[in-house]
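There are 2 protein chains.
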Amino acid sequence: MISKLIKGIKEKNAPIVVGLDPQLGFLPEDILARAYDEKGRTLEAVADAVFEFNKGIVDATYDLIPAVKPQIAMYEQFGIPGLMAYKQTVDYCKSKGLVVIGDIKRGDIGSTSEAYAIGHIGSVDLGGEKVYPFDEDIVTVNPYLGSDGVKPFIKVCNENDRGIFVLVKTSNPSSGEFQDRVVDGRPLYELVGEMVNSWGLDSMDGEYSNVGAVVGATYPEMGKILRDIMPKAYILVPGYGAQGGKGKDLVHFFNSDGLGAIVNSSRGIIAAYKQEKYAGMDYKDAARAAVVDMIEDISSALQ
Amino acid sequence: MISKLIKGIKEKNAPIVVGLDPQLGFLPEDILARAYDEKGRTLEAVADAVFEFNKGIVDATYDLIPAVKPQIAMYEQFGIPGLMAYKQTVDYCKSKGLVVIGDIKRGDIGSTSEAYAIGHIGSVDLGGEKVYPFDEDIVTVNPYLGSDGVKPFIKVCNENDRGIFVLVKTSNPSSGEFQDRVVDGRPLYELVGEMVNSWGLDSMDGEYSNVGAVVGATYPEMGKILRDIMPKAYILVPGYGAQGGKGKDLVHFFNSDGLGAIVNSSRGIIAAYKQEKYAGMDYKDAARAAVVDMIEDISSALQ
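Respectively, the protein sequence lines represent chains A and B.
Here the numbering used here is used: the first sequence runs in plain steps of one and ends on residue 303.
Here the numbering used here is used: the second sequence runs in plain steps of one and ends on residue 303.
Just chain A, with the same shape it has in the complex:
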């Protein structure tokens, strides 16, 4: 799967991913009002509005980007109808040729992680009938439970040509509380990075592995170290834009081949119409303009 993502990055010349994280506050009022008119103040109405909003973003940007990253929490907060909008979003993005990274951050004991893997990037066997329940291309995984929480995902990756990004150093302010604690003279995130590299050798797909890592744009110095520790891992970099990461911070996440990282922006794109810079633009046009600006920012930083 990682080779498919790399192909898209090269074709679009854009190592970026748009985060489809539709918080209620990001939705233009008319979309929400129309949905409430039709279905009342219900989760079903919100789910309709969320999908309509996403479809607008995707239609306005899909030709510029290789991938999207829907954050499942933003759908799960609206219960079953929200998750139906998540699934609709996954399917719609795939129909537009985009690689879909489900930001699910699941992780559990072995048999339970296997169930998550099956549900999201694998298939269930219903007495001979194979069904792919959520069918994302790649998902994010939480490593706190160790190898036997991660390996079931890798097994399912190998069976279905899918990928995972394992949380190594997250973008949030308190990520250091546990992740930076020093173990045998090195921070824990380095240890997790080493494990990611070693797990990844079992799922190579060309020059890179289907087992990648999440490292926040907000910690560029750590990104530099982790880049060296995990040479075969693609790095998914959240935290660009709204969380404070800038283009120049990103260079260390890339390898010398210009590959090795893909940078996410969520509200910086999908809620761009709320920024002064894009004032007066429709949310779709603003999203497209913000994608163009983001590609330009990262490209010039990489040169």
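Hints in this document: simulated from the structure, not taken from any laboratory.
Please note: incorrect hints may appear among the correct ones.
[As the list claims (entries may be wrong)] The list that follows gives simulated cross-link-like pairs (lysine-lysine, DSS-like), each with its CA atoms no further than 25 Å apart:
#: 1; chain 1: B; residue 1: K39; chain 2: B; residue 2: K4
#: 2; chain 1: A; residue 1: K39; chain 2: B; residue 2: K87
#: 3; chain 1: B; residue 1: K39; chain 2: A; residue 2: K130
#: 4; chain 1: A; residue 1: K87; chain 2: B; residue 2: K39
#: 5; chain 1: B; residue 1: K87; chain 2: B; residue 2: K284
#: 6; chain 1: A; residue 1: K284; chain 2: A; residue 2: K274
Just so we're clear, the structure is a prediction, and the values are computed from it rather than from any experiment.
Starting from the structure of chain A, add chain B where the hints point.
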């Protein structure tokens, strides 16, 4: 919420929780066959079978137990229909007076954790209309992202009288890979335990906190240490039975008041009919017998 759980534990004299983790292999063949006959080899059929199976277990045991713990992965593996069966299970168990612990192990950056918290133990505000999407009583939370991934859950707990159990030391064989790493002379899980204790002070509910911890029955010595580090935290103890934990291993998880811990068994109860000990029994009768045996095993160990 923890006081409600404690009340149930005292009334039933049973510090146990039944894990509703309906793997396909646990379902009696006739339940699955009937569902396939009705709805074909579909996720909808499996979801129907799962709920019927759960209902049988709950009807056979609810008068003996204070709480259930559905593992959401076992439903999520069946996509949207599976999650509908999860929600049906949550609602049915609540209608029988049980405390429902959603084993969801979510955890993310602040705004995203808040979305999970709202979806599972809180409410969304749909322009003045308050809706509770999943509406569990308590959920499990993964601490890898630190305080700002956990605190949004506590905020929502306080607003809605709910609870969380934070993963501290998990029951699986590889849990030590990261959790046991020595930081400042002590294993990481102790550090997480200290944080749980400190987070919990913001959500006291009687003698105990709404912020509890998950510590595996498979690590009784660590349970003893963590019991001291987190005096106000209820400990949810998985790993009893099928994973190898025994009644005598559990004493250290309890405080001297006989409270402070609740022990989970999943397949040991719901798939008891597959054990030699309960051979020939209907799955519901076997589940009830296994609950009685588990209560007896733990009670005699605690005496």
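Non-conforming hints, listed in increasing numerical order: 1
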